[in-house]
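S.K.: Given only the sequences and the hints, what does the whole structure look like? Please build it.
This is what each chain is made of:
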Amino acid sequence: MRFLRRFFIRLTNFATRRRADQRLREEMAEHLALQIEENLNAGMAPAEARRQARLKLGAAEAIREDHHGEQSLPFVENLFQDLRFAVRMLLRSPGFSLIVIATMALGVGATTAIYSVIDATLLHPLPYPHPGELVRIEANFPGVGAHDIGISIPELKDLQNSGIFQYVSLSFFGTNNLTGSDQPASIASKSVSPSYFAVLGVDAQLGRTWDPHDATPGFLPDVVISDGLWKRAFGVDPHIIGKTLRLDNDPAQVVGVMPASFRDQGQTSEERGTDLWAAAGFAGDPAPPPMRSVRFPFQTIARLQPGLSPQAAQGRLDALVASLKKQYPADYPLQGAWTVHLTSLAETLVGNVRQSLILLFGAVGLVLLIGCVNVANLLLARASARGREMAVRQALGAARTRLIRQLLTESLLLFVIGGISGFAVLFCARRFLLQFVPESLPRLNDISIGWGLFAFSIVVSVAAGIIFGLAPAWLTSRLNLTETLRQEGRGSNGSRKRSRLRHVLVIGELALSLVLMVAAGLLLRSFWDLFKVQLGFNPTRVMAIETSLPNPNDPKTDIYGTATQEAVFLREVLRRNRTIPGVEETAVSDRAAIPLGYGQSDHRAVPLLREGLGVESSQPPLIDTMIVSPEYFHVLGMTLLRGRLFADQDVEDTPFVAVINQAAARMYWPGKDGKGENPVGKRVRMLGPLGRSSPDWTTIVGVIADARTESLADAGIPQIYLDIYQRPAKFLAFYLRGQVDPAAISAQVRTQIQSVDAELPVFRAETLDDVLSSSLSVRRFSMEMVALFAATALLLAGLGIYGTISFLVNEQSREIAIRLALGAQRRNILAMVLRQGLTLAAVGASVGLIGALIVSHLMAGLLFGVSPTDPPTFAAVTMVLTCVAIAASYIPALRAMRLDPITTLHAE
Amino acid sequence: MKEKPDVLQGTLALMVLKTLDVLGPQHGYGVARRIEQISGDVLAVNQGTLYPLLLKLENEGSIASQWGASENNRRARFYRLTATGRKQLREETHDWKQTAAIIARFFEVKAEDLP
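Going line by line, the protein sequences match chains A and B.
Going by the numbering used here, the first residue of the first sequence is number 40, and it counts up by one from there.
Going by the numbering used here, the first residue of the second sequence is number 301, and it counts up by one from there.
By construction, these hints were calculated from the structure, which means they are not laboratory data.
Small disclaimer: the values here were computed from a predicted structure and weren't measured.
Glycine is no exception: its CB is placed at the ideal position from the N, C-alpha and C atoms.
Mimicking DSSO-like on lysine-lysine, the simulated pairs with C-alpha atoms at most 30 Å apart in a straight line are:
#1 318/B with 387/B
#2 397/B with 356/B
#3 721/A with 769/A
#4 95/A with 318/B
#5 282/A with 595/A
#6 356/B with 95/A
To give an idea of the interface, some chain B residues facing chain A are shown, with a C-beta separation under 8 Å as derived from the structure:
#7 328
#8 329
#9 332
#10 346
#11 347
#12 349
#13 355
#14 376
#15 377
Ranges of calculated distance between the beta carbons of each label pair, as one might list FRET restraints:
#16 428/A with 322/B: 52 to 62 Å
#17 68/A with 386/B: 29 to 39 Å
#18 502/A with 401/B: 52 to 62 Å
#19 502/A with 322/B: 56 to 66 Å
M.R.: Structure, rendered in structure tokens:
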């Protein structure tokens, strides 16, 4: 306390020091005058009177200085002095300052940019109050290898009553057809429990959300809409509350509008952009009556009781699970070993991009590091030029710490200016830069460049300034006085240490850039391999256009309720699409079957029951289902290997048929000898969601070659294709192959579809090539960024080696001149300098290779088709680095070669 | 930086406060002369040190000052005791007397007095 008070007094003194000093001076003068007067009155001679008065007063100057030193803040004063000097130094060598500032601006700007993405996605993924309380609940049957099996309504009730959670909610993401406005639209919607918004802790900006304790079994008539939908579809209608919408032909009343800042939680950008929320109890129409074994394959999220740690909550949950298993042994078979697991919701949302972002942050960190090393190198180079200045300062009595402080102030000023300019550039260019970030990154819209980031960039530049300014300052201030002054700053004792440090720095730079280049090279090869991979289907000249059929809550109002009803519609649309000019072939499938499309999240692997193999004997294997029309395979150019494809005679009344891919055949019909069994003719049953197994046996009629329609990286995903004329699908994609105009086709297809049913939305027309390319967007983004960083690093390393060799040549110019004078061949001089550059490159490269091996193994998860120790990549990168090192040493080497011995020796 | 012995600093401050208490508002020269008269040696030389002390006491709020005219019509800064200063003087006087009494007793005690 006392210290603090004194500090504040000193601080005020610091601000008012001139006044206090002035007053002391005046008062002492006054005192002196009075004393002299008195002395004169006492009869002294004027000179003696003055002398005596002075003696009595004491050393006025010293007293004032003492007072000043005691009462003020010399540190701050010195800082201001140093800063003033640093600014002068900065202005005196603008070229040097500009390079340092630009390097730092680049490094700090890029680091801050990547950090802004990380800050928004990894560090603050949930823009809701108390995000730490939000968890995802996942039920598993680990005994049979079934994960995320969903939750049944009685289980949901148990969780709600357990006292572990404040609120628990199911949520299921999908789309609905919104009709009634000028154009039917397909909107992203979520079916949730009434407690959904209570879980998230967000309220409506207009109207209300639902009562979290509402126990209506079926769907509530009330829906909540997003601010975006309110603006887009209703023109910010202030009287929207109470209005009735038609959703999939069901009436729904708007009760609330969420705030503009609200973004839903979810793993995909579509889900985060949910526009409408409908609440249901999931215990009545259209859901089956609640039973413990009827599990909804929905996401379950919950908010923990305040103050309850996730670990403690998991402990209590385990106890609950154990007691439930005892109470209902029939619903939780022993071999399933039912467990319920809590994960932090934030964790589940960012999991898939974490690795890419960390890689990027690592890469950009390396660039920053290389930049800093470069700057440190430049500072060292300047140190030799300033040797004389330092020596003079020291000779005049400056303490070494004082010199270091001043040098550090100078470098800090440069670093901080660099950091601020980097941030400023980032701030001005943010809109331009954000368009390069792929849309699939979570929470992209929440990347904001504000004060927090500014603080980050300042902290980074100050830390860098201290770390990389200290060593040069230490070495600059360390010198042999007499020698330096005599030699005018050349060849002083400190310079050998300095050049050793410079070598270390350049080697470090080369090593770091090699690491980055290897990372970039491996990513590039992975990307290239993915791009060039044998797709197994042909996306060229094919467009996909989506529509969705209404899925009303009341099955009686569904005009597409049966396969036959839907088939009429499908055949008519296909017939009409074929009449569009340029179209050669058409097909239709459900959304999940769009190759590499948005529907990837629709793929829910369903259990496959094979005839003759009991379920109980082993857990049913899982298979991805897709529903397609007979022409689908031909339009996409997929090859039939065995049996037949779908035909026109396969309709609702005929036995169900299916086509599987080779991966499924290999995996599920391996045969007794392992050579493979012919699956054609075998019969299977799929267990649908909600435990409703489709009772009908489906005969496998054909096997097609594997195609990478689900993942470019994985060819062997087991798939089963069902006939759309037998199993109707609600979310449809129409395919058109041929010479069509992508800009106009959307409107043309819309006209065709809506002339059959005017209430259907038509959206997302894309060529399959575009779909393919956007499925690579995150990979492309990280590859491009890392490549960019690697190029920057290489450039900086090249500059570093150039600077160091130039410096060496400068230092050795005398030696070189003597050699030349003694008759050395100019060729040999060139070789000598180049050898120095090459030695640095060789040491740097070998250190870098070790680092690269470590890093490439860490990023193995991001690679495809290339081993982390891919020799061609490593060799090529080392070659490039060596070439750059030679090129960078060549210019100073030429200069050394052309040195004129006479002039040089005279100048010394 | 040379630190003055704390005892002298403390006593000098006390002397200043007491002087202002007895004489009422005084300029610096007056305070110095008074202390010189009473104490003899302590402030016969180096009287300039008084002024940083006055500044410090004023910063601490024990005394206040304003410009005024001295007896012979010179411009001078007059210091006076504030309420805080008065309280401080009372407390310090008490402390000082106590300390002095204890020290005095120590000096009086001889070896043979001890049991």
